[in-house]
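Top line first, the protein sequences correspond to chains A and B.
To convert, note that position 123 of the first sequence is 123 in the numbering used here; the numbers rise steadily by one, no gaps.
To convert, note that position 232 of the second sequence is 1232 in the numbering used here; the numbers rise steadily by one, no gaps.
Honestly, the hints are just simulated from the structure, not real lab data.
Glycine residues also receive a C-beta, built at the ideal position from the N, C-alpha and C atoms.
Heads up, a few of these hints could be off.
Claimed, not checked - Which residues of chain B face chain A? A partial, calculated answer using Cβ under 10 angstroms:
{"#": "1", "residue": "ARG1042"}
{"#": "2", "residue": "ASN1051"}
{"#": "3", "residue": "ARG1054"}
{"#": "4", "residue": "LEU1055"}
{"#": "5", "residue": "GLN1150"}
{"#": "6", "residue": "ALA1151"}
{"#": "7", "residue": "ARG1155"}
{"#": "8", "residue": "ALA1162"}
{"#": "9", "residue": "THR1193"}
{"#": "10", "residue": "ALA1250"}
{"#": "11", "residue": "GLY1252"}
{"#": "12", "residue": "ARG1289"}
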Amino acid sequence: MKKTLFTRSLSLLALTGVLLAACAAPPPAAQPAAPAQPQPAAESQLPAGWKAGIPKNPPDRKGKKLVIRDVPKLIGIGYFAATTKGMEEAAKELGNIDFKTDAPTEAKIEKQIEFIDNFITQGVDVILFASNDPVAIAPVLKKALDQGILVVGYDADAQEDARQFFVNQATFEAIGQALIEDMVSQVGEEAEVAIVTSSLTAPNQNRWIEEMKKYASSKYPKLNIVTILPSEEDQQLAFKATQDIMKTYPNVKGVFGLSSVAFPGAADAVKQAGKCGQIAVVGLSTPNQMRPFVKEGCVKSVVLWNPIDLGYAAVYAARAIADGELKPGDTVLKAGRLGELKINGSEILLGPPFIFNKDNIDNFDF
Amino acid sequence: MTETTIAAPERSRRANLLRTQEGVLFVVLVAIIIGLSLLSDRFLTVNNLLNQTRLFTETALLALPMTLIIISGGIDLSVGSMLAWSAVMLGFSWQLVGLPLPLAVLICLLTGLLGGVINGLLIAYVRVPPLIATLATLAIYRGFSFGISQARSARGFPEEFAFWGQGQVGPFPTQFVILVVLIVIAHLVLSRTGFGRWVYAIGNNEVAARYSGIPVERVKFTLYAASGLMAGLAAFIFTSRVTTTRADAATGLELDVIAAVVLGGTSIFGGSGSIIGTVLGLLIITLLRNGLLLTGVKGDATFMVIGLVLILAVLINNLVRRR
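Excised from the complex, chain A in its bound form:
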């Protein structure tokens, strides 16, 4: 037995030797070389100051079958299941696309890099990503660009030079406007309103508040924001802040909840005070978090973006880049049922936020 095992090991050794030799030989040309077509000299057409990445010598993919791989932050959560759903929808509509999502089951950058690296080896045409770390993901994305792979981000960007375009789900301006419009539609143009924010130094929240104030003062000058209270990412604090607001400002007609914690806290306070319908609660959160309040009618609408549309737009952008229809400097992308999306530099804007209400909230699970 020992002897046979030993000889077997030896013959295996020889076999691997052969295998290794085989793989050391230059790999056979995978595809017949594409006829040398005059490629548009992308570099020379770049608008001044263009900082986004450019794939190196990409093959002509116009109208050809595209292999698209999507690497979100992680898989197995509702939010990225929704972006995948939108991508699959777009891939089906466009046809001629081999699409798949695969990513780590935890939002970890080193695992995400490994997935992208494997897709580069696989020789895919397009990599879509939502990065776990904008800097750490950059080298592997640049490697993809160097090999002529098209790279488009969505949801969470990378360094600008590591991808070609980024689909931005919501600008601060658009969110601010949508919140004000939503409030005005419920309390009218002349009312006292208050804001429950996360912390007073939270950068996103402060940008939203800035845009809200700017928009309100120009369009609805009689909408009066009486106070801004912090909730420090604590639902109990948000609950208490809203109670204080109702006590201190008895005329208040509406409360904004500006985080996924502040919004349900504020809604809960209004509900327990028995003031559903008298005081409007408007804010930013996810459908799952707000579903009970929306079903009861205490909250009429939830402002956020639609992750399905976000994924849908990302695949349309990828196809347009491959077909040569989306180039640096363009200002509009035609994205199927979403119509024409504006482009700001290398950022494709998804457009106005999405409003979740009683009628559509059950279509979303995140």
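Let chain A serve as the given structure and place chain B on it in line with the hints.
Frame of chain A, contents of chain B only:
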């Protein structure tokens, strides 16, 4: 293990074991390589294989001292946390304190060593069982990483720093060259030195080892300290590869490391195993994961396949050895 000739000289007994275990692993590895190369024409290419060495170097570095530790009858669960702590110290001392980068790298290595020394003291001298000691330091070191970094990542390392994790020496990734050197050293230490024989002896029977004059405490202490130092080195290479230091880096890495060592035929009860086996185990896990992803198997399904292979390898191993 006990069914083999106990009275036989140490060396030949080990040689028999090695031959069978590594033979089995070799069959599995070759079968995997053949199978995957039939499924994907991108798998068996020089580029892909060399690229894989970049991704598995950190796991492999940690698996070397882990092999010795498990052979000695111990375990080190804190390697992932030590890696994160060391990486965070690198980023912290460079970006926040403003030390020059080489000094920060030295601090990174010393942090790993410190983590290992603490483990070693606890296990060898305070006599806390390794499982409990390193389970505790797993949590403590991870806590240090989050506390020191305040959950912020350090980034923006200079271009030349990328050499260690992204650069090349000739056709080979830098870290692969480092790894090969360390594999050879670990193999020689374990199979050709008195220290290596002490490690086997402690794993086989600690009491007997002590009575035969082996400095059990010192050997154990050295093993855990070496594991820490290796975690520091892995942290350095990891930071250079990923270009950022994050407190949540390498969470759960200890499981990958231990899986590779055990798949490589090292007995979890101690007393037997080899560096060659560990390397084969690493290759099997890495190539399987890579190959399955290349053939389009989803990431979560590859976990199951790797689990199955782990069980299968142990079964075949037992079967062969029983005959």
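Would the hint on B/ALA1162 stand, with a C-beta cut-off of 10 angstroms toward chain A? 7 angstroms, holds
Hint check: 10 angstroms Cβ-Cβ cutoff, B/LEU1055 to chain A: OK, holds: B/LEU1055 within 10 angstroms of chain A, min 5 angstroms.
Using the nearest Cβ pair, does B/GLY1252 come within less than 10 angstroms of chain A? 8 angstroms, holds
May I ask you to test the interface hint for B/ARG1155 with respect to chain A, counting a Cβ-Cβ separation under 10 angstroms as satisfied? 4 angstroms, holds
Is the shortest C-beta separation between B/ALA1250 and chain A less than 10 angstroms? This hint holds: B/ALA1250 lies near chain A, its Cβ roughly 7 angstroms from the closest one there, short of 10 angstroms.
The hint names B/ASN1051 as touching chain A; please verify it with the least Cβ-Cβ distance against 10 angstroms. OK, holds: B/ASN1051 within 10 angstroms of chain A, min 6 angstroms.
If you take the shortest Cβ to Cβ gap from B/ALA1151 to chain A, is it below 10 angstroms? 13 angstroms, violated
Restraint outcome when B/ARG1042 is required to lie within 10 angstroms of chain A by C-beta distance: 6 angstroms, holds
Does B/ARG1054 meet its interface restraint, that is, does its C-beta lie within less than 10 angstroms of any C-beta in chain A? 8 angstroms, holds
Grab the minimum C-beta distance from B/THR1193 to chain A and call the hint holds if it beats 10 angstroms, violated otherwise. Check failed: Cβ of B/THR1193 comes no nearer than 25 angstroms to chain A, outside 10 angstroms.
Given B/ARG1289 as an interface hint, is its Cβ closer than 10 angstroms to any Cβ of chain A? Since the shortest Cβ distance to chain A is 8 angstroms, the answer is holds.
Hint B/GLN1150 vs chain A: min CB-CB distance below 10 angstroms? 15 angstroms, violated
In this structure, the hints that do not hold are numbers 5, 6, 9, in rising order.
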